[in-house]
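Colleague: Per UniProt numbering, the very first residue in the sequence shown carries number 1; after that it's consecutive.
Honestly, the hints are just simulated from the structure, not real lab data. Idealized CB from N, CA, C, for every residue including glycine. Take the hints with a grain of salt, since some may be wrong.
[As the list claims (entries may be wrong)] Derived Cβ-Cβ restraints for the label pairs, each shown as a range: (1) 222 with 71: 54 to 60 angstroms; (2) 44 with 74: 15 to 21 angstroms; (3) 171 with 71: 49 to 55 angstroms; (4) 146 with 297: 33 to 39 angstroms; (5) 143 with 182: 49 to 55 angstroms.
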Amino acid sequence: MKGPEGDALDSFTVSQISDENKMRSNSGFPVQNDEEELIYDFQAFVTQLRDPRADPVLRYTRSFLNNFTTKRDMWTCEEQQKLVDDFKVFVYDKLTLYEPFKSLDSAKLKNAQEGIEKLIMGKLYNQCFSPCVEQRFQGKIDPSHHQDLKRDEKLRLRREEYAFIDPGLLEIPNSLTHRLHKFTRLSGKELSRINEYKAPRDKMVCVLNACRVLFGFLKHSGLENGGADAFIPVLVYTVLKSDVRSLISNLNYIERFRYSEFLHGESAYYLSSTQGAADFVANLGRESLHITDEAAFQAQYAKHQEYVKNERAGASGNADASAAKTNTVATSTPAPASTPAPSEYIRRPLDEATSAILSKVSELFASTTQASEAPDEQSDSKTQLPQPDEDADTTALAQELQEQENHRVLEELHVMFPDMDQELIQDVCEAKKYRIGVCVDVLLTLSS
Numbered sequence: 001m002k003g004p005e006g007d008a009l010d011s012f013t014v015s016q017i018s019d020e021n022k023m024r025s026n027s028g029f030p031v032q033n034d035e036e037e038l039i040y041d042f043q044a045f046v047t048q049l050r051d052p053r054a055d056p057v058l059r060y061t062r063s064f065l066n067n068f069t070t071k072r073d074m075w076t077c078e079e080q081q082k083l084v085d086d087f088k089v090f091v092y093d094k095l096t097l098y099e100p101f102k103s104l105d106s107a108k109l110k111n112a113q114e115g116i117e118k119l120i121m122g123k124l125y126n127q128c129f130s131p132c133v134e135q136r137f138q139g140k141i142d143p144s145h146h147q148d149l150k151r152d153e154k155l156r157l158r159r160e161e162y163a164f165i166d167p168g169l170l171e172i173p174n175s176l177t178h179r180l181h182k183f184t185r186l187s188g189k190e191l192s193r194i195n196e197y198k199a200p201r202d203k204m205v206c207v208l209n210a211c212r213v214l215f216g217f218l219k220h221s222g223l224e225n226g227g228a229d230a231f232i233p234v235l236v237y238t239v240l241k242s243d244v245r246s247l248i249s250n251l252n253y254i255e256r257f258r259y260s261e262f263l264h265g266e267s268a269y270y271l272s273s274t275q276g277a278a279d280f281v282a283n284l285g286r287e288s289l290h291i292t293d294e295a296a297f298q299a300q301y302a303k304h305q306e307y308v309k310n311e312r313a314g315a316s317g318n319a320d321a322s323a324a325k326t327n328t329v330a331t332s333t334p335a336p337a338s339t340p341a342p343s344e345y346i347r348r349p350l351d352e353a354t355s356a357i358l359s360k361v362s363e364l365f366a367s368t369t370q371a372s373e374a375p376d377e378q379s380d381s382k383t384q385l386p387q388p389d390e391d392a393d394t395t396a397l398a399q400e401l402q403e404q405e406n407h408r409v410l411e412e413l414h415v416m417f418p419d420m421d422q423e424l425i426q427d428v429c430e431a432k433k434y435r436i437g438v439c440v441d442v443l444l445t446l447s448s
C-alpha cells in the first residue's frame, strides 16, 4: 500500500485510517487546546509593524518577498516550503530583538508570528497554492503541484461516482443515521469555506470547525469513547457528500506552509484525519465498502452511473449553448482592451478586511528603502504611515465583516437547533466567540 502521497492505494480501508490516527492519540481524539484557537488580531500586528521601531522587521520581510517573487519565475514546491520555513525561523527570532515586538508577552508575540505568516502567505498565495500555480503557469508546474491537481481531480471523480452510497456501506452505526445528514451537511459547509481564505491558519480553522461539529455530534450520540473508529467513517461520509473544490491541494497547502510549531495536538490530528478521509474517498472502490447485498448494490451503482452520464451530457449541452451565445455576442460587440481573468481561489469573506489591511502594508513596503540587503539595527529610514482616518475606515470594514461572519454562524445554529431559544443560542455564540464547532458541542449538551 502506498502512502497518502502515492498515485494509488490498493486496499485502503476506513479502519486503516483509524489505526494510523490511534498512534497519535491513545483515546482516538486529542484534547481540545484553546491555545490553538486564540483569537488573533491581524490589524493589531499591522499597527505594530507600522511602528518606526519595527522598521528592521518590515525591511527583512520586504526583502524576503521581493527575492521570492523576483529571483526566479517559479520555485519547486519543496523549495517554496523550505524558503518560507527558513524565513519564519529567521524573522521570528528577530521579533524578540526589536520593539514593539520585543516587549510583548507570549500570547501577543504569537499573535505577531501569526501575523507574519498571514502576511507573507497572502502575498505568495498565487505562487504556492497549486490551483493558482496552474492558472498562472498554464501547466508548466513542478511535479508536487501537478500531483496535487491530479489527486484533486481523482477525488472529484470518485465523489461523483459514489455519491449515492448510504452510511451503512461505511459501517456507520444505524443509531446515527437519523441525525447524520444534518451534522455532515453543516460540517461539509464549514469545510467548503477553506477556499475563501489564503492564510494557512484560516484554512486550518475551517478544518477544525468541520471536525469539531462531527466530534460534538458523536460525543452527544454516546460514541465519543469510540474515538477514531467512530469519527473517521463519519468524516469520510462528510467528504464524500460535500463538494469541496481542491480539497487535497488545500490540505497540502496547510501542511506545507503552516508553521510547524503551530501545527500540533488537535490541529495536527484533525488535519491528518481529513487528509486520510480525502485519500480514502479518492481511492474508493467497492472492495473498501461494507456490501451485504451485492446485487442490490450493483443495481444502485448502475442507476447512479446512468444519472451521472445524463448530468454530464446536460452540462455539456448547456456549455456548448453558452459558448455559442458568447461567440455570437463577441462578433457584434467590441471586446474590451483588457479583461482580467477572475480566479476561483481568491474569494474570501473576512479576507476582504485583510486585503484592505494588506494594502496598507504594501504602502509600508513601498515607502521603505529600495535596497534589498538585510537591515541593521542602526537603520534610520522613515516610514510613511497611513492617516488616522484611513485606519478608522479599515477598522470599520473589519468590524462589519466580522459581524457578518458572526451572523452567518448564528443563522447556521438556528437552523441546526430550531427548537432552542434563540437568545440562548446567541449567548452561547458570544461566550464561545462564534467558534461554530465549540458552539455545536455546548448546544448539544444543553439540548440533551
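Colleague: Look at each hint and say if it fits the structure.
Modeller: Each hint, compared with the structure:
1. 222 with 71: 54 to 60 angstroms: Since the Cβ atoms of residue 222 and residue 71 sit about 57 angstroms apart, the hinted range of 54 to 60 angstroms holds.
2. 44 with 74: 15 to 21 angstroms: violated, 34 angstroms
3. 171 with 71: 49 to 55 angstroms: holds, 52 angstroms
4. 146 with 297: 33 to 39 angstroms: For residue 146 and residue 297 the Cβ distance comes to about 34 angstroms; the hint holds.
5. 143 with 182: 49 to 55 angstroms: violated, 41 angstroms
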